[in-house]
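Colleague: Listed here are the chains, written in short residue letters.
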Amino acid sequence: MIDFFAELLAVLLVTANDVLPILCVLVGFQLFVIRKPIPSLKKVVIGFVYVLIGLSLFLLGLEKALFPIGKLMAEQLTRPEFISGGKALTANGLQWFDYYWVYIFAVAIGFSTTIAEPSLIAVAMKANIVSGGAIGVWGLRISVAVGVAVGIGLGAYRIVSGLPLHYFIICGYIVVVVQTFYAPKMIVPLAYDSGGVTTSTVTVPLVAALGLGLAATVPGRSTLIDGFGLIAFASLFPIMSVMGYAQISEYLNKRERASRD
Amino acid sequence: MLKGLLAIFRSMLGSFRDLLPIILVIGFFQLFVLQQPVPNPGELFIGFVCVLLGLTFFIFGLEMGLFPIGESMAHALARKGSAPWLIFFAFALGFGTTIAEPALIAVAAEAATVAAEGGIIADDESAKASYASGLRFTVALSVGLAIVLGVLRILFGWSIQWMIMGGYILVVIMTFFAPKEIIGIAYDSGGVTTSTITVPLVTALGVGLASSIKGRNPMTDGFGLIAFASLTPMVFVMAYGMLFTGA
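Residue numbers (numbering that gives the first Met the number 0), protein chains in the order written: chain A, 0 to 260; chain B, 0 to 246.
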């Protein structure tokens with residue numbers, strides 16, 4: 000028990016240290032530039048303390064539960080013995096489709112970690128309020144999660160197949176640019192934002208473990224060059240899926256209105 | 000008191016729902032695919048309780064502290080009408096939140112190893128450390144500039160599409176000239192920089208600013224700051240890589 004609290008305190012200190020520069024900027028500007036009292040200061044301070052405690056507990060829990068098991072699973076799933084499933088290797092070795100459990104895991108872990116991502120919850124809440132309810136919290140979160148899932152699945156395929164990262168990314172950019180012209184204007188900035196939002200505390204460590212594990216297993220891949228890039232996939236595909244979500248819901252609305260008239 | 004407890008209980012239930020997919024995925028793969036017992040279930044359970052409580056507290060504090068402070072400062076700075084201060088604030092926020100980012104520190108160290116292995120820098124500790132800290136500084140600088148760019152966009156009402164497309168074109172062109180080893184890291188660094196505390200603050204800044212300037216729409220103008228913050232690091236990291244090979 001005492002061990003646990005000692006650990007919690009250590010994490011709390013690290014988190015406080017990370018937050019310190021932000022706090023300095025906020026307090027400095029409040030005191031020297033704005034020079035006005037903060038409205039309901041007490042509540043804000045309590046809120047900040049909550050955020051700090053919450054984030055520390057969250058990180059400690061991830062460190063204790065999620066990361067060890069997630070990394071272990073990524074290692075086990077990418078092990079050659081597991082992938083070949085005991086069958087005799089053919090002359091060509093493993094084909095890209097022999098890694099199907101890896102792809103399924105990549106998709107599932109991409110989706111589920113994105114649903115739990117605190118910063119995405121924050122942005123979805125804000126977008127819901129700002130849009131006057133037009134953008135649903137769950138609609139946004141699920142469409143971002145689908146984007147991340149597809150992105151990481153495809154990223155895993157890229158590592159296995161060894162195709163160059165930038166081909167995928169450039170194609171992705173082209174799709175994003177084309178979609179931008181057809182998507183409802185309101186969603187475009189939010190969609191661009193959701194790319195960067197998705198990949199933070201929960202997703203990055205697990206996805207990085209998967210990428211490095213895969214690159215270490217697949218013959219001919221280097222962990223240093225091929226192990227990276229999954230995060231890039233995970234931050235590109237939500238842009239498409241969020242715009243797609245807006246396009247589909249706009250289309251459905253139109254059809255409903257047309258059928259009503 | 001009862002009402003408060005009920006509210007906490009309700010938001011804990013919400014957090015549990017947020018975490019359920021992860022539990023299901025891990026349970027499914029562990030039991031049916033890998034067919035292995037879960038290693039130390041006790042520790043795992045405590046960890047999940049921590050994650051659950053942490054998420055609940057974080058969401059609670061978000062609405063009480065982070066969102067209001069970000070927005071009220073944006074309002075106050077907009078009302079002050081001093082663009083230089085606003086821009087300085089934007090830069091300080093972007094730079095300050097990124098320089099201490101743990102994920103970035105990890106990525107920078109990784110990048111230094113790659114560079115040493117590729118023979119770009121000398122393979123010793125001091126060369127790696129200076130390469131890594133240079134990279135961190137570069138990324139923090141780029142995020143600071145990104146937030147400034149985003150704030151300028153809100154002030155002048157520039158359209159985000161053209162700016163992002165310009166950024167994409169720049170990334171694509173630089174990809175062909177940057178050293179191969181740095182490309183993966185550069186692409187990843189875009190996603191890594193935006194942390195759990197930065198995102199709500201920066202979002203509140205954008206929305207607060209857009210709602211306090213006449214003629215700006217919080218929905219179409221307020222969002223987009225994070226997008227810049229995940230684009231500029233790619234450009235800057237590739238530039239950093241090119242600079243080092245050139246030297």
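Derived by calculation from the structure, the hints in this document are not laboratory data. Owing to the predicted nature of the structure, the values given are computational and were not obtained by experimental measurement. In this text, a Cβ means the ideal position worked out from N, Cα and C, and glycines have one as well. It is possible that part of the hints are untrue.
Said to hold, decoys possible - Computed list of lysine-lysine pairs in PhoX-like fashion (alpha-carbon distance at most 25 Å, straight line):
hint	chain 1	residue 1	chain 2	residue 2
1	B	Lys2	A	Lys42
2	B	Lys213	A	Lys184
3	A	Lys184	A	Lys253
4	B	Lys213	A	Lys41
5	A	Lys41	B	Lys79
To be verified - Here's a subset of chain A near chain B, in silico, CB distances under 8 Å, partners left out:
hint	residue
6	Leu61
7	Trp100
8	Gly132
9	Gly135
10	Ala233
Colleague: All hints, please: hold or fail.
Modeller: How the hints compare with the structure:
A C-alpha spacing of about 18 Å is found between B/Lys2 and A/Lys42, which places the hinted pair at or below 25 Å, so the restraint holds. Pair hint B/Lys213 plus A/Lys184 holds up; C-alpha atoms about 19 Å apart against a cutoff of 25 Å. A hinted pair counts as satisfied when its Cα atoms are at most 25 Å apart, and A/Lys184 with A/Lys253 qualifies at roughly 16 Å. Simply put, B/Lys213 and A/Lys41 have alpha-carbon atoms about 30 Å apart, too far for the 25 Å limit, and the pair is violated.
For the suggested pair A/Lys41 and B/Lys79, the alpha carbons sit about 24 Å apart, so the restraint of at most 25 Å is met. Among the interface hints, the one on A/Leu61 holds; its C-beta lies about 6 Å from the nearest C-beta in chain B, closer than the 8 Å criterion. For the restraint placing A/Trp100 at the interface with chain B, the shortest Cβ-Cβ distance is roughly 6 Å, inside the 8 Å limit, so the hint holds. Annotation: interface hint on A/Gly132 violated; nearest CB of chain B at approximately 12 Å, more than 8 Å.
The criterion of a C-beta within 8 Å of any C-beta in chain B is not met by A/Gly135, whose closest approach is roughly 14 Å, and the hint is violated. The restraint placing A/Ala233 at the interface with chain B holds, with a minimum CB-CB distance near 6 Å, inside the 8 Å limit.
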